[in-house]
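So the protein lines, in turn, are chains Z and R.
Take the first sequence: its position 33, counted from the start at 1, is 46 in this note's numbering, and no numbers get skipped.
Take the second sequence: its position 253, counted from the start at 1, is 254 in this note's numbering, and no numbers get skipped.
Keep in mind that the hints were calculated from the coordinates and are not lab data.
Hints are supplied without guarantee of correctness; some may be wrong.
Result set (BS3-like, lysine-lysine): computed pairs, CA atoms no more than 27 Å apart in a straight line [unchecked claim]:
#: 1; chain 1: R; residue 1: K226; chain 2: R; residue 2: K16
#: 2; chain 1: Z; residue 1: K46; chain 2: R; residue 2: K92
#: 3; chain 1: R; residue 1: K16; chain 2: Z; residue 2: K27
#: 4; chain 1: R; residue 1: K98; chain 2: Z; residue 2: K22
#: 5; chain 1: R; residue 1: K226; chain 2: Z; residue 2: K22
#: 6; chain 1: R; residue 1: K92; chain 2: Z; residue 2: K16
#: 7; chain 1: Z; residue 1: K27; chain 2: R; residue 2: K98
#: 8; chain 1: Z; residue 1: K116; chain 2: R; residue 2: K43
#: 9; chain 1: Z; residue 1: K285; chain 2: R; residue 2: K92
#: 10; chain 1: Z; residue 1: K116; chain 2: R; residue 2: K157
#: 11; chain 1: Z; residue 1: K283; chain 2: R; residue 2: K133
Computed from a predicted structure; not experimentally measured.
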Amino acid sequence: MKKFLRLTKERIRKFGQYWDLLVLLVQRDLKLKYRRSFLGYLWSVLNPLLTMIVMSIVFTEMFKRKIENFPVYLICGNILFSFMRESTTQAMTSVVGSASLLKKSYVPKYIFTLSKITSSMVNLVLSFGALLIVMIFSGVRFQWMNLLGFIPVLELYVFCVGLGLFLAAVTVFFRDVRNIWSVVTLAWMYLTPIFYSLESHTYADGTMKPIGLLIRRFNPMYMYVQQFRYFIMQWYVPEIEVPVMTLMWRGGLVAVLMLFVGLATFNATKNKFILYI
Amino acid sequence: MEELRIDRKGQVCIKITDASVRFNIAGEKLDNLKEYFVKLVKRELRFKEFYALKDINLTIRQGESWALIGSNGAGKSTLLKLICRILAPYKGSVEVKGSIAPMIELGAGFDSNLTAQENIFINGAVLGRSRKFMKEQYEKIVDFAELWDFMDLPIKNYSSGMRARLGFAVATIVEPDILIVDEVLAVGDAAFQKKCRARIQELLDRGTTLLFVSHSKGPVLELCKNAVWLDHGEIKMIGTPEEVYEQYDLQTDTKVTIKKK
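Just need the whole structure built from these sequences, with the hints factored in.
Following this line, the structure appears as structure tokens:
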């Protein structure tokens, strides 16, 4: 235990030493993302806004059951899910893509993964601008409670760091994970109530279909998206949704577990990275 | 910083004990899941073991200047990577005290999509220096590299000589405890090589430890007081550069004559 504490202290000290590097790498990612684009950072707001408009037109036409304040409902789910997809996809190639630096100098390798997740996080924060616009236009009442939305966002960040570390480590050894992951996130998106609500997974008598039960119980993205919606627009249907307090501790637990799995995988394999990149 | 380094002069700063580096050379390149599992099931997963370094023992003290001598593929760069912690030893241990500025295999690690200016700051941070420090030193770095007009150019458009200049300028301005120079000078022009040697000498005078690789004898004899001869991953000889070169030349000469017959 004492050794663990000492090691943790040492690691935190080292992290402080490389803080400047993390900041520079995040800046680099953001700079490269919008280089040579005319509107630049404005795209971080425009992109989710335009996606929301297209999706809400398509889905209000298709779905019979109407969701109240659908544009807000949609954009809440969409920006969080996009963050997860973007950050993990970027993080996956963070180690492989930094080969030129890693081959020639010593840097704690997780810094590169963390920088990818963090730059996506900055992007997410910018896209809250789009959320704000949609909230104003839909006439959703602003409340102090909205600020609690940072809780699921924080949980999601920790979750994505863990997942990103795991994927980054695996990708070093098997490059085709990249191709699998785009399919996995696609399936994951349809299994997350982003443009539909859990109600679409119920039978006529109101009981839940097995798929709905599974999503409600085991899909981490459901935990974060639903929490976020609760804080932003008080979206909560007592018969089908899980209470927000339960989601909060479950989401936190899942995030910490994921972080642990990610760190363990990364740590166990990091010394071999150099031989494969 | 400087005083500290002088104080430590003579203390052991790099200690390598029985270190080996092993690479698995796969029969073919395996980096996709399908092939991996197919081979795993068929039990055809075989790797050829290859020792890039074998049982290396070396102790280097602060302020010393060491040359690594050996033919291509003898393990010089691998040994340097081991010291920089880029590679972990498969067996044995490597202890290093102090900050290291590595220039391995022709230059420092740069991100080729970024401009030279951005790379200077990232490189400084990689070497553990704060942004404030790098801002203060920025002018000096550009002056030393003599690349005033090219700071906003992405590194991918740099020539290898320009890269080496920039890498060298950053690595020496941060005043590391241990400086590693691996063939960097080979790509610079004569005037710049001379300038670099003078700069290295300046750092040596201030107590920096130097690890130096070069295939030309001149700079080695000028800068280094100790030499290690590596051959096929093993230390063949340790001594002064003059002694080591004497033996080394003898062996390489005989090799050449054998081929001539």
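If you check each hint against the structure, which ones fail?
Hints 2, 5, 8, 11 not satisfied by this model.
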